[in-house]
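Make the full structure from the sequences, and use the hints.
Chains as they are written, first to last, in our numbering: chain B, 1 to 270; chain X, 1001 to 1267.
I should point out that these hints are in silico values taken from the structure, not numbers from a laboratory. Here the structure is a predicted model, which is why all the values come from computation and not from measurement. The C-beta atom is built at its ideal place from N, Cα and C for all residues, glycine as well. Some clues are possibly wrong.
Below, computed lysine-lysine pairings styled on DSS-like, alpha-carbon distance capped at 25 Å [to be verified]:
1. Lys1183(X) to Lys21(B)
2. Lys48(B) to Lys260(B)
3. Lys148(B) to Lys1133(X)
4. Lys1183(X) to Lys1237(X)
5. Lys21(B) to Lys1076(X)
6. Lys260(B) to Lys148(B)
7. Lys21(B) to Lys237(B)
8. Lys1134(X) to Lys148(B)
9. Lys153(B) to Lys1237(X)
10. Lys153(B) to Lys1076(X)
11. Lys153(B) to Lys21(B)
12. Lys153(B) to Lys1183(X)
13. Lys1133(X) to Lys21(B)
Chain X residues, not near chain B, derived (Cβ > 12 Å throughout) [claimed, not checked]:
14. Cys1023
15. His1210
16. Pro1219
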Amino acid sequence: MANIDSGFLQIGRMDTLAQGKTWLHRLDPRAKLIAVSVFIVTVVSFDKYTLSALIPFFVFPAILVGAGGLPVRFLMARVLMVAPFAFFIGIFNPLLDRQTFFQMGTIAVSGGWISFGSIMIRFVLTITTVLALIALSGFNGVCLAMEKLGAPKPFVVQLLFLYRYLFVLTDEAIRMVRARSLRAFHSKTMGIKTFASLVGHLLLRALDRAQRIHLAMCCRGFDGRVPMIKPMGLDWKAVAFTVGWCGLFILLRFYNLPLKLGALVTGWVG
Amino acid sequence: MSHHIVETQDLHYTYPDGTMGLCGVSFRITHGESVALVGANGAGKSTLLLHLNGFLTATQGGLRIGDYPLTAKNVKAVRRSVGMVFQDPDDQLFMPTVFDDVAFGPLNLGLPEEEVERRVMSALEIVGVPHLKKRAPYKLSGGEKRSVAIASVLSMAPDILVMDEPTSNLDPRSRSRLIQLLKSFEHTKIIATHDLDMALDVCQRTIVLHQGLITADGPTLALFQDEQLLARSGLEKPLRMQGCPVCGEWKERDHGGYRKGAEAGEA
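Printed below as a string of C-alpha cells:
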C-alpha cells in the first residue's frame, strides 16, 4: 500500500535513521539545532553574487552525513525532489539581470547566472543540513529542542501533533483517492467537483478525529499543557560542538577562504 | 465507600438535531463487575459510554460514579477514576512515542518523574509491550496499538475501565491475547461490543440496549441463549453457541447462509 512512508519525502524513514547510534545521534539535539540555525543564517546572509565563499560551508553537511552514517543517495534524492522550488525562484534572474559580471574566455557570464548559481548552492546547503538534522535527531527531538530553547509551547505542540497525524491523514487521503479511482474507469484526472468534495470530506473527517483526540486527551487529565519527560543532557561535547561550529561559520562568513587560498597559490606560483 | 460503582437513573439523552440517543436507561454496576454492553448499530452504546466520562450530559436523569453524582464540578475527579479506551487507537495515541503517550496521564496527575516512569513501565509490562516504549505509535501494528492504548489508561490506575469495541480490527491471535488480558484485570469493566463471543469470555453480566432502551440485563450466558430477545434487539447468538457447519448442526437461516453439511453435499 502506498503511504507517506513509501511516497514523497519518506518521512518515516527519517525517524528510523534517527535511531542510529553514532556520537552525532547521541549529541543533545539542542546543540545540533543551534549549530544548524547559525549555519542557515550565515549561509543566507551572504551577498547575492557570492559563490566561492559558500563552498567551504559544504564541510558541515558533509561531516553530519559522514559521521552520522546517513545514506547520501537517499538524502540527495530528497533534496532533488524539492529542488524545483528553488529552481523556479532563481531561474528568472538570468533573464532580468543581464549585466556582464565577468568574462570567461569568450563567454560573458551575467550577474543573473551568478545569483542563480548562488541560490542553488544555498538551497542545497540549507536543505541538506536540515534533512541531516532531522535524520540525526528525529522530528520529535528537534521539536523538543526548540521547546527547551524557549520556542512558544503551543507552537511546538502544534508541530508535534501535525507530525503525528500527518501519517493518519495521508493514509486517509490515499484511501479516498484509491476509492475514487476504482470507480472512475476512464478519467485519469479528477474533476474540480470531485476534488472539492474529496477535500471537503477529508476536512470533515479531520475535524471529527480532532474532536475524538480532544476527548481522549481530556480523559487523561489534559488541561492545556502537554507534559513530557525529556531526558536531555547538555555535556561538554555538546557545548564544544556548538561553539566550534558556530565559530567556524562566523569565521567563514567574514573570511573568504577559497579566495585567500587562491591568492596564496597564485602568489606562490607567480 | 467505594469508587468502583457506576449507577444511572432514568438517563435520557437527545442529540442537538433531535435524534433520541437514550430513552431512560437505569442500571447499577458494582465493584469488580465485568459488564458487556451489547446492541445493534445505533442502539445507544457509544452515547452511553460518553456519559460515563462526562462528555455528554444527560438531558434527564442522573449518573453516579463512586459515591458522587457526576456534575460539571467533579468531572475531572471522575475522569481520573474512569479509564476510557477508545475504539480507534489512533485517536488515543497522540504523543510522539509510546513512552510519552503512556506517561501523559500520570504527568497530568502531577506525579513525580520517578513515579511516572515506574507506572509507565509497569503498565507496559502488564500489556506485554515494554520493548515498544521508544517507538512511534504510527509505526505499530493494530494489536500493538491496542495494547499501548490500554497501557495508556492503566498507567493512571483507574478504578473503572470503559472500553469501546476493544476487539475490533484485531487478528484472531491478538484478539485472544486481549481477551486473556481483560480477564486478568480486577477493575470494574464496562465493555461496549459487537463481539458476543468475547463478551461470553470476559463478562459475567450483559446489558442489552435497543433503540436507547435496556431490553435485558442479566447473566451473559442466560441472555445469549434467549433467541427471541436477541432477535428483538437486532442481535444473533455468539458464533460459539451456533451450530457447527461441518458436523451438521447448523440451522439454515431464513436469510440464507450456511446449510446443513449433508444437504449441501446433496445439492
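These are the hints, each one checked on the structure:
no. : hint                     : result
1   : Lys1183(X) to Lys21(B)   : 40 Å, violated
2   : Lys48(B) to Lys260(B)    : 20 Å, holds
3   : Lys148(B) to Lys1133(X)  : 22 Å, holds
4   : Lys1183(X) to Lys1237(X) : 21 Å, holds
5   : Lys21(B) to Lys1076(X)   : 42 Å, violated
6   : Lys260(B) to Lys148(B)   : 40 Å, violated
7   : Lys21(B) to Lys237(B)    : 16 Å, holds
8   : Lys1134(X) to Lys148(B)  : 20 Å, holds
9   : Lys153(B) to Lys1237(X)  : 52 Å, violated
10  : Lys153(B) to Lys1076(X)  : 23 Å, holds
11  : Lys153(B) to Lys21(B)    : 29 Å, violated
12  : Lys153(B) to Lys1183(X)  : 41 Å, violated
13  : Lys1133(X) to Lys21(B)   : 17 Å, holds
14  : Cys1023                  : 24 Å, holds
15  : His1210                  : 25 Å, holds
16  : Pro1219                  : 30 Å, holds
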